[in-house]
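Q: The residues making up each chain are set out below.
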Amino acid sequence: MSESHPMAAPAGALTLMQEVAARTPGDSRLEMCIQCGTCGGSCPSAGAMDHTPRALFAMLRAGMREEVLRSNTPWMCVSCYYCTVRCPQQIHITDVMYTLKNMALEAGYVPDRTASDFSKTFMGYVENFGRSFEIGLAGIHTLIHPRLARRLPAMAPMALGMLVKRGVSPLPPRRIQGLSSLKKILRRAKELEAA
Amino acid sequence: MNEYLFYPGCSMESSAKAYYQSMQAVCEVLGVHMREVEDWNCCGATEYLALERMPAYALIARNLALAEKQANGARTVVTACSACYLNLSKADHYMHEDNSFGQKVNQALAAGGLHYTPGTLAVRHLLDVVLHDIGLEAIRSRVVKPLTGLRVAPYVGCMLPRPDYNQRFSDTEHPTELDDLMKALGAEVVDFPLKTACCGGHMTQIGPDTAFELIRRIVAGADQYRADVIVTLCPMCQMNLDVFQGQMNGYFKTSYRIPVLFFTQLMGIAFGRKAEELGFGREFVSARPAMARIGVETPDANAEPPRPRKPEGLPMPPPLPKGRKSISTEESQS
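From first to last, the protein sequence lines stand for chains S and E. Note that the first sequence covers residues 1 to 195 in the numbering used here. Note that the second sequence covers residues 1 to 334 in the numbering used here.
If you are wondering where the hints come from, they were derived from the structure by calculation, not from laboratory data. Positions of the beta carbon are idealized from the N, C-alpha and C atoms, including for glycine. One should not assume that every hint holds.
Label pairs and their calculated CB-CB ranges [said to hold, decoys possible]: (1) S:E31 / E:K274: 53 to 59 Å; (2) E:H96 / S:G47: 34 to 40 Å; (3) E:A71 / S:R70: 42 to 48 Å; (4) E:E97 / S:E66: 28 to 34 Å.
All chains, full assembly: derive it from the sequences and hints.
A: Pasting the structure below:
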């Protein structure tokens with residue numbers, strides 16, 4: 001994916017905004033943004049973002065593809081939907097953030113992979129078992145990210161608590177019966193997405 | 001007898017067993033029958049949508065297709081997890097609203113011999129069913145041990161009231177359903193302004209500093225309102241506020257100890273069920289002292305409070321000034 005030329009103009013020469021809107025299910029209403037800033041003002045993780053959602057939408061409209069897709073803003077989104085329900089233009093902001101994450105991964109523009117790796121590890125279990133695997137996920141994710149490793153001393157008693165108190169199994173989940181059918185569905189969905 | 005299709009979701013079978021156990025006990029009392037969707041798969045939480053759109057929706061829709069196939073008269077799929085609830089409703093909503101998108105999702109499902117007709121099933125959260133199908137009157141009539149004197153901070157979180165595609169809740173930011181339920185159980189309900197603040201979601205795994213601040217706000221808020229317990233309706237919220245409360249305390253040098261329970265656990269107590277069959281004792285911050293205040297004995301989750309932090313220890317970076325940003329702005333440890 002990262003091999004393809006990231007700056008290549010999209011086929012049919014859609015503007016960046018049109019492309020993002022087209023890749024978001026339903027009517028995203030993205031083009032209706034009036035730059036009021038309600039989104040950023042409502043965002044619980046705005047402090048960790050390099051651009052507020054409002055600024056990101058202005059950049060998007062200006063066609064700043066690389067800057068938009070390199071921004072950590074979508075990756076810091078916690079999916080709380082405050083911006084979505086408060087937006088006076090009813091823009092589906094959270095869904096747009098998902099689209100931007102999809103596009104950034106495709107373009108190979110993810111500077112800090114902590115968030116995207118977490119998603120990938122999570123989904124790796126789901127694609128192979130049909131179910132998620134919380135303990136394995138948290139463990140593997142922390143171990144492979146040196147910046148998170150400082151949490152290991154605090155995580156040991158936590159992991160123990162999860163096993164002992166909560167009765168969480170340290171083994172991977174039982175595979176669903178329809179796993180092969182699920183894999184076919186996902187493979188077909190990936191083809192449809194690429195089409 | 002009310003019969004519903006039930007989509008448990010992964011957490012109910014692992015980290016949120018207390019929720020599942022207490023839900024089953026409560027449903028028994030209320031005469032609600034939950035029939036599990038056979039061979040359901042993970043909904044992908046907030047992770048698959050971040051990676052690829054079509055597989056994410058196909059993953060969710062497989063559950064809807066299975067539920068439709070197994071419906072046999074039942075038209076409602078119930079889930080107790082807010083993330084599962086949102087994902088199932090989201091897929092149904094967009095497949096319905098965006099016809100060509102719905103067709104594409106169905107093309108993917110067809111590869112596994114499945115199909116879902118958008119709009120066939122009503123996706124609802126357990127709280128919605130308890131409140132609107134069972135009703136507060138019926139609940140009051142079953143209360144044998146009112147929670148009189150227990151100060152409860154009702155915490156709803158994000159994904160139930162927002163975006164609320166089907167307008168099932170009273171407000172996107174200050175819904176009162178959980179308050180009403182807790183009042184019906186006889187609890188003293190705090191008018192909790194942070195009831196739909198974000199618990200941090202997956203940020204505990206991505207940017208813990210951000211997550212700790214979001215957790216702190218809610219826990220400190222409940223403490224300011226002198227709540228004995230925080231009550232939740234989502235496995236993720238419960239995990240962040242409970243399991244990470246200790247780490248959050250360590251991070252901010254605070255010493256909050258507010259137990260975080262599922263609403264079904266308190267319903268079970270009020271209905272006279274034993275604490276053991278309601279998953280008490282599985283919480284990290286023990287609910288024992290709080291429940292003892294109203295004369296309910298619960299298994300001890302952890303006898304010893306967290307050890308106070310020593311002023312000296314391993315060489316660690318000095319505490320960062322207030323207003324520091326995410327972990328990504330910080331130098332990695334050498």
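Q: A separate judgement is required for each hint: does it hold in the structure or not?
A: Evaluation of the provided hints:
1. Range check, E31 of chain S to K274 of chain E: about 58 Å between beta-carbon atoms, so the 53 to 59 Å window is met.
2. At about 36 Å, the CB distance of H96 of chain E to G47 of chain S agrees with the hint of 34 to 40 Å.
3. A beta carbon spacing of about 46 Å between A71 of chain E and R70 of chain S agrees with the range 42 to 48 Å that was offered as a hint.
4. Evaluation of the 28 to 34 Å hint for E97 of chain E and E66 of chain S yields a pass: the beta carbon distance comes to about 32 Å.
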